[in-house]
Amino acid sequence: MRRRVVVTGLGLVTPVGCGVEAAWQNILAGRSGARKITNFDVSDIACKIAAPVPRKSEFPDRADAFDPDSVMSARDAKRIDDFILYSIAAADQALADANWAPNDLGEEAQYRTGVMLGSGIGGLQTTYEASITLHEKGPRRLSPFVIPAMLINLASGQTSIRHGLKGPNHAVVTACATGAHAIGDAGRLIMHGDADVMVAGGGEAAINRLGIASFVACRAMTTGFNDTPEKASRPYDKDRDGFLMGEGAGAVVLEEYEHAKARGATIYAELCGYGLSGDAFHITSPAPEGEGGYRAMKAALGNSGLKVSDIGYVNAHGTSTPMGDELEIKAVEKLLGDHASNVLMSSTKSATGHLLGAAGAIESIFSILALRDGMAPPTLNLDNPSVETSLDLVPHKAKPFNAKAAMSNSFGFGGTNAAVIFAKVD
Amino acid sequence: MSDVLARVKKMVVEHLDVEEEKVTGNAHFIDDLGADSLDNVELVMAFEEEFDIEIPDDAAEHIQTVGDAVKFISEKVG
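Protein chains in written order, with the UniProt record's numbering: chain A, 1 to 426; chain B, 1 to 78.
Hints are supplied without guarantee of correctness; some may be wrong.
[What the hints assert, rightly or not] When the alpha-carbon atoms are kept at most 16 Å apart in a straight line, the in silico EDC-like pairs for lysine to aspartate or glutamate are as follows: (1) B:Lys71 x B:Glu54; (2) A:Lys231 x A:Asp241; (3) A:Lys78 x B:Asp39; (4) A:Lys78 x B:Asp52; (5) A:Lys137 x B:Glu54; (6) B:Lys9 x B:Asp32; (7) A:Lys137 x B:Glu49; (8) A:Lys298 x A:Asp310; (9) A:Lys78 x B:Glu42; (10) A:Lys137 x B:Asp39; (11) A:Lys137 x B:Asp17; (12) A:Lys56 x A:Asp67; (13) A:Lys48 x A:Asp67; (14) A:Lys137 x B:Glu20; (15) A:Lys399 x A:Asp373; (16) A:Lys78 x B:Asp17; (17) A:Lys330 x A:Asp392.
Source of the hints: derived by calculation from the structure; they are not laboratory data.
In isolation and in its complexed conformation, chain B is listed as follows:
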């Protein structure tokens, strides 16, 4: 879990070009981290690649925060 969180944080910092302190578990990609809908799509694709998993579109729609992403990925890679 903590490993997933660290990797997700690092990717969010890189992809959204934001400061690491802002990337908390509750941080909302669009409302808090300045992402737009295309950024979200790209981020989900990056998670798929990084963790070698598939995130279906309906699941991707519910990944709105850093915590959502960590939870989904952790369950998948479990």
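Just chain A, same shape as in the assembly:
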């Protein structure tokens, strides 16, 4: 009998707030994190908007604003990239939520707890600034902290050092599927006995000149809503014109079921299905009919032990790009068959923008919370769907549902696909 894996802790740093309950309530209320970019020059870039993490320094009155000083000293924060800072903050929250502190529990707990935090891009701002320093001042002016600040696996490394986690230390890099792959792969490590507890998820901080301009260059970003940022991310709507970039991190604590039960941990849900696939088609475009995504979902459902009718909510990849959204609808319809008309599917990227490597992690958390509360978050700005579908795309307003399981989809550049399925635990 295979070891079961459950979720016992959650952590979020998002464009709609820092902290799990705050971010979730903002998502349910349909609040957008989009705004105009003001902290760097965008006068010559076609996209002038993004969904950054609201910081305490900008929003002193918001209780859910992110305060870097509450995580570490300004000196330490200067030596890591923001994607690591966000990842550490989310991991801190998740471990506290799970009431799991290996540093206080001794060696055995430390050896049996690991980390799998990924990022799509890693320390882009660090790399960007180091390139300018190298060009303007020469190699002797490069900080010894450039490399440890930008390496993707340093989110896992830093988190392990901070919390004394001596089990598997790994990182995922699969573009916009990173967060979902990290959670799925970490679950497998528990299932196979490599660890009893894993901190898993993803972080991203690519809202800078290089990040925005480069995504504009590959024609993936929204450019037509610079004056109305909150309307820019509009998955499935006929006026959508590309994704809005978000940033932040999501982390979950995954735990072997008996381990969680024995210590009386609060169990949010079971990670019961995980599927992966490759498109083998194109570097940035999804395969025709979304067939790669379909195979990932089918594999996840296949190993979940669930029936298709158990799925009541799908948190879509739905990035608000012209082509991807419709292909995903086709793939989900094919998976669900006649059951599609009973299912709610929404894209929370309509509120958070696209967090790239963190997307799959925060959206897994939103799926788990949707299941917990029996409430599907809305797809904002969905005024006129571009295609007909029997799926309920939850336009504008959150909607109640009652089901056993929820699925979260994530698809990345390079044709990499992941689907994770969470189910209620009786």
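Keeping the supplied structure of chain A fixed, place chain B upon it in accordance with the hints.
Just chain B now, kept in the frame of chain A:
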């Protein structure tokens, strides 16, 4: 000399996030002030920038205490 000492002290306090009283002439960056090898590299770079001098790698290896730094810098800026 005293000006160099004051400036070095201030930089060490800022870079290593330590209390000023601990930053004496004999204080060893790694053993007494909690620095690691990367902190040392960064500190030497900061000295180069602050005093507009070049500290070659072989010289940097011998700058282990606050006093070492003050002595080297004072000779350079002399």
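Hint check:
1. B:Lys71 x B:Glu54: 14 Å, holds
2. A:Lys231 x A:Asp241: Holds, at roughly 11 Å.
3. A:Lys78 x B:Asp39: Holds, at about 13 Å.
4. A:Lys78 x B:Asp52: Between Lys78 of chain A and Asp52 of chain B the Cα gap is close to 23 Å, so the pair fails against 16 Å, i.e. violated.
5. A:Lys137 x B:Glu54: Distance of about 13 Å is within 16 Å: holds.
6. B:Lys9 x B:Asp32: Measuring from Cα to Cα gives roughly 14 Å; hence the hint holds.
7. A:Lys137 x B:Glu49: 11 Å, holds
8. A:Lys298 x A:Asp310: 14 Å, holds
9. A:Lys78 x B:Glu42: Holds, at about 12 Å.
10. A:Lys137 x B:Asp39: 20 Å, violated
11. A:Lys137 x B:Asp17: 26 Å, violated
12. A:Lys56 x A:Asp67: 5 Å, holds
13. A:Lys48 x A:Asp67: 25 Å, violated
14. A:Lys137 x B:Glu20: 31 Å, violated
15. A:Lys399 x A:Asp373: 11 Å, holds
16. A:Lys78 x B:Asp17: Roughly 13 Å separates the two Cα atoms, so the pair holds.
17. A:Lys330 x A:Asp392: At roughly 13 Å apart (the allowed maximum being 16 Å), Asp392 of chain A and Lys330 of chain A satisfy the hint.
Hint violations for this structure: numbers 4, 10, 11, 13 and 14, all remaining hints satisfied.
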